[in-house]
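S.K.: Protein sequences, first through last, are from chains A and B.
Just so we're aligned, residue 1 is where the first sequence starts under our numbering, counting upward by one.
Just so we're aligned, residue 1 is where the second sequence starts under our numbering, counting upward by one.
Careful, some of the hints might be misleading.
To be verified - Cut-off 20 Å, straight-line C-alpha distance, at most; resulting in silico cross-link-like pairs (SDA-like, lysine to any residue):
#  : chain 1 : residue 1 : chain 2 : residue 2
1  : A       : 221       : B       : 530
2  : A       : 140       : A       : 97
3  : B       : 530       : B       : 82
4  : A       : 12        : B       : 376
5  : B       : 49        : B       : 505
6  : A       : 140       : A       : 119
7  : A       : 225       : B       : 353
8  : A       : 11        : B       : 1
9  : A       : 225       : B       : 27
10 : B       : 156       : A       : 210
11 : B       : 156       : A       : 214
12 : B       : 410       : A       : 151
13 : B       : 156       : A       : 190
14 : A       : 12        : A       : 80
15 : A       : 225       : B       : 195
16 : B       : 49        : B       : 501
17 : A       : 225       : B       : 49
18 : A       : 221       : B       : 155
19 : A       : 11        : B       : 3
20 : A       : 221       : B       : 376
21 : B       : 410       : A       : 66
22 : B       : 156       : A       : 212
Claimed, not checked - Sample of chain B residues with no beta-carbon within 10 Å of chain A, all distances over it, derived:
#  : residue
23 : 36
24 : 80
25 : 347
26 : 417
27 : 553
To be verified - Here are some chain B residues pointing at chain A (derived, C-beta under 10 Å):
#  : residue
28 : 15
29 : 17
30 : 20
31 : 146
32 : 156
33 : 167
34 : 190
35 : 210
36 : 288
37 : 290
None of these hints come from the bench; they were simulated from the model.
The C-beta atom is built at its ideal place from N, Cα and C for all residues, glycine as well.
What follows is each chain in one-letter form.
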Amino acid sequence: MNSSVEPTAAKKVNLTVAGQAIQAREGETIIHALWQAGLGHTIQTGCVGGVCGACTVTLRFKDGRRGGTDLACLRPVEEGMEVFPFPVDALASPPPVSDPDEDKLRAAFPTVDRCTKCDSCTVACPMGIPVMDSVLRMQKGQIEAVAEDFTTCIDCGLCRAVCEDKVLPHTMGLWVRRSLGLSLDHPALDQTKERAMSDQVEQEWEHLLNCDDEERLQRAKALRKG
Amino acid sequence: MMDWAKASLEKVERSRAERVDQAPPAISEDEAQALIEEYHPDYVGNERKIHVGPNADADAFPMELADLLESDSPVPQDFQPNADIETDVLILGGGGAGVTAALGLADSGLTVHLATKLRLGDANTVMAEGGIQAALGPSDSTRRHFADSYVGGHGKNDTGLLRILCEEGPAGIRWLTRLGALFDQNEDGSFRFRQGGGTSTPRVLACRDYTGLEIMRVLKNAVMSSATHVLEHHAAVELTDDGQNRVTGAVLWNTQTGKLVTVSARAVILATGGSGQLRLQGYATSNHMGATGDGLILAYRQGCSLVFPGSHQYHPSGSSYPEALVGQLVTESIRSAGAQFLNVNGERFIDEMMVRDVVAAAIIREVREGRGIETPAGRRGVWLDTPLIEQTKGKGTLAGQFPGLIHRFKRYGIDPVTQPLLIYPTLHYQNGGIRIDADCRTEREGLWAAGEVTGGLHGTNRLMGNSLLDIIVFGRRVADGVQQNLPERGAVTLSRLNRYRQELKRLAHRPETTAPQLYPRVSGMTFELKGIPKHEAEADASPGPVKSFEPPDPFASR
Numbered sequence: 001m002n003s004s005v006e007p008t009a010a011k012k013v014n015l016t017v018a019g020q021a022i023q024a025r026e027g028e029t030i031i032h033a034l035w036q037a038g039l040g041h042t043i044q045t046g047c048v049g050g051v052c053g054a055c056t057v058t059l060r061f062k063d064g065r066r067g068g069t070d071l072a073c074l075r076p077v078e079e080g081m082e083v084f085p086f087p088v089d090a091l092a093s094p095p096p097v098s099d100p101d102e103d104k105l106r107a108a109f110p111t112v113d114r115c116t117k118c119d120s121c122t123v124a125c126p127m128g129i130p131v132m133d134s135v136l137r138m139q140k141g142q143i144e145a146v147a148e149d150f151t152t153c154i155d156c157g158l159c160r161a162v163c164e165d166k167v168l169p170h171t172m173g174l175w176v177r178r179s180l181g182l183s184l185d186h187p188a189l190d191q192t193k194e195r196a197m198s199d200q201v202e203q204e205w206e207h208l209l210n211c212d213d214e215e216r217l218q219r220a221k222a223l224r225k226g
Numbered sequence: 001m002m003d004w005a006k007a008s009l010e011k012v013e014r015s016r017a018e019r020v021d022q023a024p025p026a027i028s029e030d031e032a033q034a035l036i037e038e039y040h041p042d043y044v045g046n047e048r049k050i051h052v053g054p055n056a057d058a059d060a061f062p063m064e065l066a067d068l069l070e071s072d073s074p075v076p077q078d079f080q081p082n083a084d085i086e087t088d089v090l091i092l093g094g095g096g097a098g099v100t101a102a103l104g105l106a107d108s109g110l111t112v113h114l115a116t117k118l119r120l121g122d123a124n125t126v127m128a129e130g131g132i133q134a135a136l137g138p139s140d141s142t143r144r145h146f147a148d149s150y151v152g153g154h155g156k157n158d159t160g161l162l163r164i165l166c167e168e169g170p171a172g173i174r175w176l177t178r179l180g181a182l183f184d185q186n187e188d189g190s191f192r193f194r195q196g197g198g199t200s201t202p203r204v205l206a207c208r209d210y211t212g213l214e215i216m217r218v219l220k221n222a223v224m225s226s227a228t229h230v231l232e233h234h235a236a237v238e239l240t241d242d243g244q245n246r247v248t249g250a251v252l253w254n255t256q257t258g259k260l261v262t263v264s265a266r267a268v269i270l271a272t273g274g275s276g277q278l279r280l281q282g283y284a285t286s287n288h289m290g291a292t293g294d295g296l297i298l299a300y301r302q303g304c305s306l307v308f309p310g311s312h313q314y315h316p317s318g319s320s321y322p323e324a325l326v327g328q329l330v331t332e333s334i335r336s337a338g339a340q341f342l343n344v345n346g347e348r349f350i351d352e353m354m355v356r357d358v359v360a361a362a363i364i365r366e367v368r369e370g371r372g373i374e375t376p377a378g379r380r381g382v383w384l385d386t387p388l389i390e391q392t393k394g395k396g397t398l399a400g401q402f403p404g405l406i407h408r409f410k411r412y413g414i415d416p417v418t419q420p421l422l423i424y425p426t427l428h429y430q431n432g433g434i435r436i437d438a439d440c441r442t443e444r445e446g447l448w449a450a451g452e453v454t455g456g457l458h459g460t461n462r463l464m465g466n467s468l469l470d471i472i473v474f475g476r477r478v479a480d481g482v483q484q485n486l487p488e489r490g491a492v493t494l495s496r497l498n499r500y501r502q503e504l505k506r507l508a509h510r511p512e513t514t515a516p517q518l519y520p521r522v523s524g525m526t527f528e529l530k531g532i533p534k535h536e537a538e539a540d541a542s543p544g545p546v547k548s549f550e551p552p553d554p555f556a557s558r
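Excised from the complex, chain A in its bound form (with noise of 0.2 Å):
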C-alpha cells in the first residue's frame, strides 16, 4: 500500500449508542463503529448493504443538527452523534386481490383514509420514497402510480413505525405490488410451455448431454453460436 498518501480515515469522532460512549473512525458506518468496538449485538443487523432494514435506528444531536431516522449500516458516523436502536416489527398483510382498485384496496386495509397529511413517514423513509403522496394515491385508488412509488421500498417499517394514526403505508405499498404484479398476463410463460413439448427439444437434449464432457462442452460452446 502506498504510504505517501494520508489516510482520512485516521481521523476519530465521538458518539453514543444505546447510552455508550464510542469513538469510531470518520466516515464509517455506525454498525462498523460497533463492531470496532465489540457492541456489535447492540443493533440487530442484517445485509449490512442498506436494502434488509433490520438496523432502523433514531438519531440526535445535541446541538440541534437535524436527527430523524435511518438505517445503521449505510449512515456514517458524526462527531456528537446519539445513536438508539429502533427495531420495527415485521408485519403479517392482508392477502394480495387479483385487479386491485381503490375499493378493494380500502377493504383490505380500511385504515388508508386515517392520513392526516403530516408527512412523518416521508420522513422516516430512507430510501427517499415519497410515502405520503403515495398514500394520497392510494386513497385516489391510482394503483400503478403506488407501485412504482415502492419499488424501492425494503419493507424497513419505519414508515408505518412513526406513524401515530398507523396507517400501514409500506405494508399497503407492497400490497398494490403484489396485487398488480398477480393481475398482469405473461404470455411468454404460456408460450414456452408448447414449445417445450416437441421432439425435437429432446433430440437437442440428447446431443448435449449423450457425449463425454469435452464433447459436450464443444457442443455447448457451437449451441451459443447458433
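Got chain A sorted already, so can you dock chain B onto it with the hints?
M.R.: Below, chain B alone, put in the same frame as chain A:
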C-alpha cells in the same frame, strides 16, 4: 470529490469520446484461461487439504474454510439433546431458498418450522441486484440456457441439476409472478430481458437493480401469511442424528437469550446459504452478515461430502470507495447497459461482458501490474465508467434503471451519473457446496439441501441470474422431494458429532476456534451460552422479532 484521483479521472474523461463505439479488447479462450489461472484468487494456492470427514486428504479447501471444518462444535461436551420442539420439517435458513421451500410445503398438511440466524429475509437473496435468468425470450431455449451456463461453469456443472434448472426456469418465473412479483416490462407489457456476462442472448429478468429485494419481499410477505412457524434469531449450531447416520433434527442457539434449543424433525432442509463473510484471503464481500458457511460445517460433520469446496465467485465489481461501501455490489447489468472498465490511464483492458471469473482476474491483473488507482485509505481498484451510459443510452438511464446504485452512492456525495466509480472484485458467491441429487437429497438420509449451500449446479463459475433461479427452482423442488420421502421421527442424538470429535482428536494441529463461525470475524460477535442451563430453558416456538418501539394504535379499540 475524489480529488486524490484527479489526474486519472481526467484521462477517463479525455478517452470517453473515442470509447463510445469502440469494440471491447479481444481475448481468446486460451488467453482467458491463462488469465484466470494467473490472477483469480481460487488459483493462487492459498488452500490446504483437510484431514477429517468425507473429503479428507482429497480436495483443497480455502484456508479459512479448512480451519472451520477442523474446528470443534460450540455445543458443550456434556450437552444432552432433548427435543424442545417437535416438527415434521425443519428448514434452516430464512433466505430465498428456505422461504421458497416453506411456501412449497404450505399446503402439505405438515408442520413446518423455519429457523433463521437473523430475521426472516435478511439474506443474500435480498441483496441480489441484477436479475434472474429463464429461457423465455422468443429466440431463446432451455438448451441455450444450459449451454451458456455450462460454458460459463467451465464444463464442471452437474449436468442433471443444470438441466433441471433450465427446464424448470419458466415455471419458476410463473410461480413468482403468481405470487405477485413484478419484473421490468417493455412498453407492450412483454418481459424486458437483459444481457448477462456469458449469456448468448438477453435472458435476465430484473426489477431495476433491486431484483432480489423484489423477490425476497414477495416471498417473505407470502410466508408470513402461511402456517410456517418462523424462529427468528435462531442459529443452527449442530445437526442431530438417530445413531444410525440419519439426520433427525438440529440444535439451535437463540442469539437473543443465549440458550440452546433442540428441534426434532422428520426432515431437515439446509438452506443456510453462502460464506462470503469468511472473507477469504482478506477480500471484502458483498454478502450479508450471516454468510459464514454454517451449513457446510453442519452437513460435513454428518458425513456429507462437499463439491468444488475451493471454488468461489469474486464478483468483478465490488465498490472500493468510499470506505463505508467497500465490498458492496455494483450490479453486472450496469455493464450490459454499456459501462466500461478502465485502468489508471483511462484505457479499457477487458471485454466487460465476459464471464465473472475472467473479468475479475483481469481487474486484479491491472491493479497488480500498477495500473490501478489507490484510494486515500490505501485500497486499490479500477474505474467503472458509469457516466458513459448517460451518453450512449440517453440522459436519465441510470436513475431509471439503477435507482439503488444512485441512492447508495449519493449518500456519500458520489453521483454515478457524472462520476466514474472505483471498483475491485468482491467475494460474492460460493460456487461449491454440499452434494445433492436431483431431488435435493444429500448423502445423509433425513437431510436435504437447496440454494447456495449446495454445490455442482454452477460448476466452478456461476452466471449472473442463475442464483436467484437456483433458489426458486430448487427451493420448490426440495419441498416436493421431502413430501415424497418423509421418514418417520427418529431419536435425537449427537452420535455423529461425537464421532467427529474423536476424529478431530487425531489431528496434529487443531484450530482454536469453534465452528460454525456464525458471524464475521470483524464484527467481534461470537457464540456464547448465557443464563440457566439448557435443560431448564423454555423453548419458544414463536418468538417473533425483537420488541418494537412503535407507538400504540390510537384507534385500536374502535
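S.K.: Now tell me if each hint is right for this structure.
M.R.: For each hint, the structure was consulted:
1. 221(A) to 530(B): Violated. Residue 221(A) to residue 530(B) sits at ~57 Å, over the 20 Å cutoff.
2. 140(A) to 97(A): It holds: about 18 Å lies between the C-alpha atoms, which stays within 20 Å.
3. 530(B) to 82(B): holds, 18 Å
4. 12(A) to 376(B): holds, 16 Å
5. 49(B) to 505(B): Status holds; Cα separation ~17 Å.
6. 140(A) to 119(A): holds, 17 Å
7. 225(A) to 353(B): holds, 15 Å
8. 11(A) to 1(B): holds, 18 Å
9. 225(A) to 27(B): Cα-Cα ~17 Å, so holds.
10. 156(B) to 210(A): The hint holds at about 15 Å.
11. 156(B) to 214(A): holds, 10 Å
12. 410(B) to 151(A): Between residue 410(B) and residue 151(A) the Cα gap is close to 18 Å, so the pair holds against 20 Å.
13. 156(B) to 190(A): At roughly 32 Å apart (the allowed maximum being 20 Å), residue 190(A) and residue 156(B) break the hint.
14. 12(A) to 80(A): OK: residue 12(A) and residue 80(A) at ~11 Å, within 20 Å.
15. 225(A) to 195(B): Within the cut-off at roughly 15 Å; holds.
16. 49(B) to 501(B): Given that 20 Å is the threshold and the Cα spacing comes to 18 Å, the pair holds.
17. 225(A) to 49(B): violated, 39 Å
18. 221(A) to 155(B): Holds - the C-alpha atoms of residue 155(B) and residue 221(A) are around 10 Å apart, at most 20 Å.
19. 11(A) to 3(B): holds, 18 Å
20. 221(A) to 376(B): violated, 44 Å
21. 410(B) to 66(A): holds, 19 Å
22. 156(B) to 212(A): Given that 20 Å is the threshold and the Cα spacing comes to 12 Å, the pair holds.
23. 36: About 15 Å separates residue 36(B) from the closest Cβ of chain A, which puts it past 10 Å; holds.
24. 80: holds, 28 Å
25. 347: Given that every Cβ of chain A is farther than 10 Å from that of residue 347(B), nearest at about 21 Å, it holds.
26. 417: It holds; residue 417(B) is separated from chain A by about 16 Å at its closest Cβ, greater than 10 Å.
27. 553: The claim breaks: residue 553(B) does not keep its Cβ more than 10 Å from every Cβ of chain A (closest is about 4 Å).
28. 15: Violated - the Cβ of residue 15(B) stays beyond 10 Å from chain A, reaching only about 24 Å at its closest.
29. 17: Check failed: Cβ of residue 17(B) comes no nearer than 30 Å to chain A, outside 10 Å.
30. 20: violated, 27 Å
31. 146: Holds - the Cβ of residue 146(B) comes within 10 Å of chain A, reaching about 6 Å at its closest.
32. 156: Check passed: Cβ of residue 156(B) comes within 8 Å of chain A, closer than 10 Å.
33. 167: Hint on residue 167(B): holds, closest Cβ of chain A at ~7 Å, below 10 Å.
34. 190: Interface hint status for residue 190(B): holds (6 Å vs cutoff 10 Å).
35. 210: Result: holds, 6 Å to nearest chain A Cβ.
36. 288: holds, 4 Å
37. 290: Holds. Min distance 8 Å.
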